[in-house]
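Enquirer: As they're listed, the protein sequences go chains G and Z.
Reminder that position 238 of the first sequence reads as 238 in our numbering, one-by-one numbering, no gaps.
Reminder that position 573 of the second sequence reads as 573 in our numbering, one-by-one numbering, no gaps.
It should be emphasised that the hints constitute simulated quantities derived from the structure, not laboratory data.
Quantities reported herein were computed from a predicted structural model and do not represent experimental measurements.
Mixed in with the good hints there might be a few duds.
Stated by the list, open to error - Beta-carbon label-pair distances, calculated as ranges:
| # | chain 1 | residue 1 | chain 2 | residue 2 | range |
| --- | --- | --- | --- | --- | --- |
| 1 | Z | VAL437 | G | ASP200 | 44 to 54 Å |
| 2 | G | ARG169 | Z | SER507 | 25 to 35 Å |
| 3 | G | ALA221 | Z | ARG206 | 44 to 54 Å |
| 4 | G | ARG169 | Z | LEU408 | 25 to 35 Å |
| 5 | Z | LEU221 | G | ARG169 | 54 to 64 Å |
| 6 | G | HIS190 | Z | ARG40 | 54 to 64 Å |
| 7 | G | GLU128 | Z | ARG40 | 42 to 52 Å |
| 8 | G | ARG111 | Z | LEU68 | 46 to 56 Å |
| 9 | Z | LEU577 | G | ARG169 | 48 to 58 Å |
| 10 | G | ARG111 | Z | LEU221 | 51 to 61 Å |
| 11 | Z | GLY60 | G | GLU124 | 50 to 60 Å |
| 12 | G | ARG23 | Z | GLN53 | 50 to 60 Å |
| 13 | Z | GLY226 | G | HIS190 | 31 to 41 Å |
We put the CB at the ideal spot given by N, CA and C, even for glycine.
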Amino acid sequence: MIELEGVTKRFGRLEAVRDLSLRVERGELFAFLGPNGAGKTTTVKLIAGLLRPTAGVVRVSGFDVEREPLEVKRRLSYVPDQPYLYEKLTGREFLEFVGRLHGMNGAALERGIDRLLELFGCLEYADELSESYSHGMKQRIVIASALLTEPQVLVIDEPTVGLDPRSARLVKDTFRERGKQGVTVFMCTHALSIAEELADRIGIVDRGRLVACGTLAELRARPPAAREADGHPGGTSPEARSLEELYLSLTGSDQPEKEPGANG
Amino acid sequence: MAEAGGLGKVPPALNLTSASSVEPSTRGHPGGLGVLLRLRLRELRHRLAGLPQESRLKIGCILVFVFLLWAGLFFTFLRSFEFIGQFPGLREVLLEHLFSLLFFALLVMLTFSTGIISFGALFRAPESAFLLTQPIRPETLFAYKFIESLVFSSWALLFLGMPALLAYGFTGEAPRYFFPLSVMVFVPFVVVPAAMGAGVTLLVVRYVPRSRRALLLWVALGVGAGLAVVLYRFGGNLRGYIPFSEAWLWNVLKRFRFVRSSILPSYWLTESILALGRGALGRAAFFFLVILSNVGFLFLLLYRFAGWNFLESYSRAQALRSRRRRRRQPVVSLLVRSLFWYLDEPTRLLVRRDIVSFLRDPVQWSQVLIFFGLLAIYFFNLRRFYYQVTGDFWRILVSLLNLGATSLTLATFTSRFIYPQVSLEAQRMWVVGLAPVSRRRLLLAKFAAAVVGSMLLAGGLVALSNWMLGMPVRVALVQLLVAVLVAAGLSGLAVGLGASYPNLRESDPSKIVAGFGGTFSLVTGLLFLTVMLVFAAFLTQFFSVAGRSQGPGWREAAVALAVLAGVGAVGLGVTLLPMVLGLRRFERMEF
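With the rest of the complex left out, here is chain G (with noise of 0.2 Å):
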């Protein structure tokens, strides 16, 4: 479970993210969308602890990210839009590497390795440098270390970016059974149709404020006057009928700022 209250984070004059409010439940996907710069992966980082909030609380299974840090890693997993692998090491090794920080040990680790290296496709590679890797070998072996974890919470910016289609199919699939089993995902993307086709809810953030939220039905059924109400003018028709439509008229036409250390 993550949940978020009344989080603020400035940089200098800059306020990312302002005054939000968010409770993700547990076995919950939830897909959180918005314009380039609009606060979503300082959200992201917010959870993940790199970044402390200027004011608010965020809290992981319970947790208080910035006071309980350590018990918050334990149950975490992040994976972010650009994967980080030691060039050094094949990908097995590094999987061994991140089993090793969570505790894990012995033949339980090298079962669960072989198992997601399976998985995931990376067996014919798993031994080789990741100097070698492709960006989709690489996030295929990030998400593979994310799972191994066994987290009970998945926070991931960008799931599918460099993926194949199969890949991204299998992605989108494992996301939905480890929901089942109850562990909670948090995805910040652009691609619309992965929101639409996995999340239970959707969050919508533009220039740092939560614009909307909730599951795509009430999303659509939000009257045009409850969007202007939010500042934002309406669709042109009244009942936005698709998310993308439902998306641009949230979220504002102008340029944002882009937010420091930020990718997407």
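The hints should help you fit chain Z onto chain G, whose structure is shown.
Expert: The following block gives chain Z in isolation, referenced to the frame of chain G:
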């Protein structure tokens, strides 16, 4: 089982455990420093295993260069200590001061270098962001990164410091145990400045204002205060002292008395090493223990501080990137049009882009400013030492030393900042490579920017040095010619070899430089400098006596002319040859 190279399906039964997710407390204790260090060892093993695949010529060249450098340093120190040994009354005092000064310089350099390196390693490296999301204590992560920064910043120092210790041991007829024990004392010493540097970095990131402008202001204030102290201490003139006389020497030593202060770690090291050399084991052990206890204390302090503050500091550091809107830099455009009028417009555009990038990268311009600025301050103050009223020998010597110092500093900068430029450009070939700009033009633009900048810096400093020393115009012109050719040669080497040995994978310039091409560029640059300085010494001597009634005869004049031609030939050859080879390679390169 998945199809070959394919993906498996996700049946519910494929989960690693039957439970939804494991409660972490049921697992073993999360990994600590041991797991992280084992990771580094494994990486090292893979690197070493990959060595046989590298060219034998490449490895052989590196080993030969390293050996030559080490042996050269050893014999230089050996001769210096033997020279000092000729003055029995002065030997001990001189050695105390020289070692104290050397170790103090190392202390300051290591403090700065570890500070800068640990900032990158702790707050900018993608590995830090990755590890911070893992269940590792912040103090453990700090310790791991501190060890990494320490090794990275001080291995060369240990390697280069050893020749001095060995040479001292040989000339001072030290007992046998001096050699292993002096290394044992030296190793913990490097931890002290490293800890101070890392500590300052942590404090700055945690407490200094967040904006880059404010940070630069603080740094500038610090450097300014340091320079003010240096000028105040050494600024007083030495009027009345005959340069290099005994009285002059004592006066100079008096000014450096502060390096003999007993609160300095460099003093503890000096005392321990000298005591070891004299066979006074008790005194050596005392100062060794002083170093060791301070290492323990400093590390403990930092470890605790990191535990409390590292996460907050990391979060603050992410906001340090400048968001200032940039102006269009009309002055740069004007400068480029004036200095590069002979280039066509597209090449000038490329030059302008490189200059603007340089000016917007504080890491580059601040280092250039600090090192060349220090040289300029020293040259401006040359008259305080009254060299200009001494005989020709000392004036010529000082002018040549200044030429050497300027050229060496330039060699460091061309290999550090200009060499990686081609590799970085090659990684972005989709920008310029697909534009209607030939690769030849691209490389020539890099060379033009490098050569003009280097010539202005080196030429300006050498002219200043000659002016302050009151050297004859003909000597100043000869040295200026050498400086200009050195600048051209070093730029040609850096750009040409950069194009011959590009690294298309590494985005960190310091790692590009650390490769074979970078080392080769630096070592060839140093060899080139040595040749040019030998030529310059002959020409300076010749032209300083050329105008006199009992000046050199026609034979000396013929030799001087030949040397002058040699200077031109070597300078142009070293400029053009790597550029031609680099151009050929760069034009054929696939990305």
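Enquirer: Compare the structure with each hint and give your call.
Expert: Taking the hints in turn, this is what the structure says about them:
| no. | hint | verdict |
| --- | --- | --- |
| 1 | Z:VAL437 to G:ASP200: 44 to 54 Å | holds (52 Å) |
| 2 | G:ARG169 to Z:SER507: 25 to 35 Å | holds (32 Å) |
| 3 | G:ALA221 to Z:ARG206: 44 to 54 Å | holds (48 Å) |
| 4 | G:ARG169 to Z:LEU408: 25 to 35 Å | violated (60 Å) |
| 5 | Z:LEU221 to G:ARG169: 54 to 64 Å | holds (58 Å) |
| 6 | G:HIS190 to Z:ARG40: 54 to 64 Å | violated (36 Å) |
| 7 | G:GLU128 to Z:ARG40: 42 to 52 Å | violated (20 Å) |
| 8 | G:ARG111 to Z:LEU68: 46 to 56 Å | holds (53 Å) |
| 9 | Z:LEU577 to G:ARG169: 48 to 58 Å | holds (56 Å) |
| 10 | G:ARG111 to Z:LEU221: 51 to 61 Å | holds (59 Å) |
| 11 | Z:GLY60 to G:GLU124: 50 to 60 Å | violated (36 Å) |
| 12 | G:ARG23 to Z:GLN53: 50 to 60 Å | holds (54 Å) |
| 13 | Z:GLY226 to G:HIS190: 31 to 41 Å | violated (49 Å) |
Hint compliance for this structure: hints 4, 6, 7, 11, 13 are not met, and every other hint is.
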